[in-house]
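Asker: Protein sequences appear in the order of chains A and B.
Under the numbering used here, the first residue of the first sequence carries the number 1, and numbering increases by one thereafter.
Under the numbering used here, the first residue of the second sequence carries the number 397, and numbering increases by one thereafter.
Just so you know, these hints were derived from the structure itself, not from any lab.
Any given hint might turn out to be false.
Claimed, not checked - Below, simulated BS3-like cross-link-like pairs (lysine-lysine); rule was C-alpha separation at most 27 angstroms, straight line:
1. A:5 x A:219
2. A:210 x A:63
3. B:579 x B:627
4. B:402 x B:645
5. B:611 x B:627
6. B:557 x A:5
7. B:471 x B:503
8. A:100 x A:29
9. A:29 x B:627
10. B:526 x A:29
11. A:5 x B:579
As the list claims (entries may be wrong) - Derived DEER-like restraints, expressed as beta-carbon distance ranges:
12. A:125 x B:477: 41 to 49 angstroms
13. A:275 x B:398: 51 to 59 angstroms
14. A:37 x B:554: 50 to 58 angstroms
Built from N, CA and C at the ideal position, the CB exists for glycine as well.
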Amino acid sequence: MTNEKGRFGVHGGQYIPETLMNAVIELEKAYDHYRSDPQFGSELTSLLNDYAGRPSRLYYAEKMTKDLGGAKIYLKREDLNHTGAHKINNVLGQALLAKKMGKTRLIAETGAGQHGVATATAAALMGMECVVYMGREDTERQALNVYKMRLLGAEVVPVDSGTGTLKDAVSAAFREWTNRIADTHYCLGSVMGPHPFPTIVRDFQSVISKETREQILKKEGRLPDAVLACVGGGSNAIGSFYHFINDPSVRLIGCEAAGRGVDTLETAATIATGRLGIFHGMKSYFCQDQYGQIAPVYSISAGLDYPGIGPEHAHLHDTGRAEYVPVTDEEAVNAFEYLSRTEGIIPAIESAHAVAHAMKLAPKMGRNQIMVITISGRGDKDCVSIARYRGEDLHE
Amino acid sequence: MSNIAKAFEKGKAFVPFLTCGDPDLETTEKLVKAMADSGADLIELGIPFSDPTAEGPVIQEANVRALAGGVTTDKIFDMVRRLRVTVTVPMVFMTYANVVFSYGPEKFISICADLGIDGLILPDVPYEEKDEFAPICRQYGLDLISMIAPTSESRIAMIAKEADGFIYMVSSLGVTGVRSEIKTDIGAMAALVRANSRRPCAVGFGISTPEQAKKMAALSDGAIVGSAIVKLVARYGREAVPFVADYVKSMADATHSA
């Protein structure tokens with residue numbers, strides 16, 4: 001899917017300062033070497049299985065299926081991974097790669113805090129230093145994850161520039177990487193940024209669809225009709241889609257955060273409201289004004305509160321291979337509560353965006369059809385803010 | 397010969413930077429005239445961007461102030477049109493890829509040519525991506541400026557060979573901003589540039605004192621100063637003109653004496 005310089009159609013590329021060019025070239029060379037190294041592969045597999053708890057379960061959501069009265073619904077349980085989200089898949093891969101490259105320090109951006117917690121975890125495990133950049137607003141709405149990162153030995157740097165959210169955390173991490181390259185690997189958390197990050201992160205996350213494919217074939221003897229996942233930068237979505245891209249019968253549906261609605265300015269739905277641009281090292285779709293100034297986006301979900309989307313998703317949108325749909329805060333909160341009550345599974349508010357769309361789509365599908373929803377993370381971290389959204393003030 | 401090459405013809409060049417629209421475009425216009433009168437050889441005009449990832453806090457904050465004041469690419473074009481009536485010093489725009497891309501690269505660059513803008517600096521467009529902008533710049537007679545960093549090493553020859561206008565040597569790792577000391581071996585970088593290009597090279601990032609400017613210009617063909625000037629604008633606002641004029645004069649004199 002990638003061609004020269006990491007392009008996905010017109011998207012991707014390496015739009016970064018010259019200071020970082022040799023760092024990404026070094027990373028690309030190391031990755032090209034280790035991706036086909038059996039020793040690296042077996043070390044990563046044992047980390048994923050023995051440490052992170054893979055393979056994650058593919059669970060038949062029988063009550064939800066009966067309640068919605070349409071497609072047979074399976075949940076891909078990335079929420080059951082160690083650290084509570086899919087983020088660990090990518091982080092273990094990158095941390096191992098960084099270690100092989102002789103790096104002793106990991107830096108990362110985080111939105112909801114899940115990628116920051118995963119990076120801090122891997123750093124603790126592998127004896128590396130760790131600094132996580134997090135928007136000031138996000139440190140406040142995800143205080144528990146800030147505590148966890150510090151508990152794990154990481155330094156958390158609140159970012160005040162811009163809107164104090166995920167995009168500003170990414171900018172701060174890039175600035176820090178420019179400042180200190182020799183011993184530092186930037187452990188990017190999504191399928192975004194300059195080449196080779198979108199490819200590396202996608203490959204490490206593609207374990208999700210590799211397993212889903214095997215599991216559904218074993219359980220149902222056939223491929224699913226639809227795969228749904230939430231999309232911010234798009235790492236759990238690309239991981240969920242990847243091994244189905246060449247199966248045209250499988251609908252691939254990315255669920256974007258519409259915030260208060262795509263007809264308002266308080267949205268983070270990039271495919272619905274953005275246009276082609278160049279930012280954070282890549283060409284892709286971005287929410288921006290007529291002069292190319294990046295828009296201050298909004299979503300209840302800190303993990304989807306990002307004004308862009310990964311370049312491979314932009315390309316899958318262009319070619320029509322994947323569909324991208326907006327889901328509002330209200331719909332996501334309803335789905336958060338629905339899945340908790342119906343299946344006893346509290347999803348991350350990010351993942352609840354995918355559940356919300358599934359609730360609309362499943363009844364329109366036949367009972368002989370199969371849908372897989374990736375539950376990218378668990379919702380413990382969101383309980384305080386969802387309670388607040390419903391007018392209830394929790395004190396722990 | 398391009399106007400940028402001419403800026404380096406008389407000797408070492410002093411290149412000051414300003415963020416357009418900080419605190420407003422009327423002040424920027426006065427500042428540019430004052431810098432031209434105070435010995436600037438080439439002026440770098442920053443078009444603000446919402447998320448300037450190569451900038452330190454000083455220029456980041458200037459971008460925020462300028463955008464909050466309502467400055468746009470079109471308003472900056474209008475200001476340059478007014479300035480060009482009297483100011484003949486070569487001028488380049490410094491901005492981020494998305495500002496040019498979203499305007500339409502050909503439309504943006506053709507307007508620059510009409511306005512008498514001599515070149516373009518895009519810090520998030522490295523050698524690998526320059527073909528998206530460089531051919532259009534050449535077509536309209538603008539120089540797309542290439543940057544070289546302390547980490548460039550074996551890339552220097554490749555970059556220098558294809559460079560237009562002048563070569564921007566980034567003095568240090570990290571983002572823009574004042575530094576007490578520049579540790580990179582600038583002389584060695586400049587030697588590699590000269591072995592591969594006939595274009596002049598100037599050093600930027602971290603320079604704030606006349607002593608630093610003189611030292612850097614002695615090792616290269618000029619000194620570029622941004623954050624130190626933007627700091628004066630942040631401090632004095634609309635009253636900044638005489639302070640910036642005095643500062644630019646002291647820095648230009650030091651550079652020219654190198």
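Asker: Indicate, hint by hint, whether the structure satisfies it.
Answerer: Evaluated hints:
A threshold of 27 angstroms between alpha carbons decides the hint, and for residue 5 (chain A) with residue 219 (chain A) the separation of about 40 angstroms lies outside it, so the pair is violated. A hinted pair counts as satisfied when its Cα atoms are at most 27 angstroms apart, and residue 210 (chain A) with residue 63 (chain A) qualifies at roughly 26 angstroms. Distance hint between residue 579 (chain B) and residue 627 (chain B) is fulfilled; the C-alpha atoms sit about 23 angstroms from each other, no more than 27 angstroms. For a cut-off of 27 angstroms, the pair hint linking residue 402 (chain B) to residue 645 (chain B) stands: about 20 angstroms separates their Cα positions.
Only pairs whose Cα atoms come within 27 angstroms are accepted, and residue 611 (chain B) paired with residue 627 (chain B) is accepted, the gap being roughly 22 angstroms. Between residue 557 (chain B) and residue 5 (chain A) the CA atoms are separated by roughly 21 angstroms; this keeps the pair inside 27 angstroms, and the hint holds. About 15 angstroms separates the Cα atoms of residue 471 (chain B) and residue 503 (chain B), which keeps this hinted pair within 27 angstroms; it holds. For the suggested pair residue 100 (chain A) and residue 29 (chain A), the alpha carbons sit about 12 angstroms apart, so the restraint of at most 27 angstroms is met.
A hinted pair counts as satisfied when its Cα atoms are at most 27 angstroms apart, and residue 29 (chain A) with residue 627 (chain B) does not qualify at roughly 41 angstroms. Of the supplied pair hints, the one linking residue 526 (chain B) and residue 29 (chain A) holds, its CA atoms being roughly 22 angstroms apart against a limit of 27 angstroms. For the hint linking residue 5 (chain A) to residue 579 (chain B), the alpha-carbon distance of about 32 angstroms lies beyond 27 angstroms, and the restraint is violated. The given range of 41 to 49 angstroms is broken by residue 125 (chain A) and residue 477 (chain B), whose C-beta atoms sit roughly 59 angstroms from each other.
Between residue 275 (chain A) and residue 398 (chain B) the C-beta distance comes to about 33 angstroms, which lies outside the given range of 51 to 59 angstroms. Between residue 37 (chain A) and residue 554 (chain B) the beta carbon distance is about 29 angstroms. The supplied range of 50 to 58 angstroms is therefore violated.
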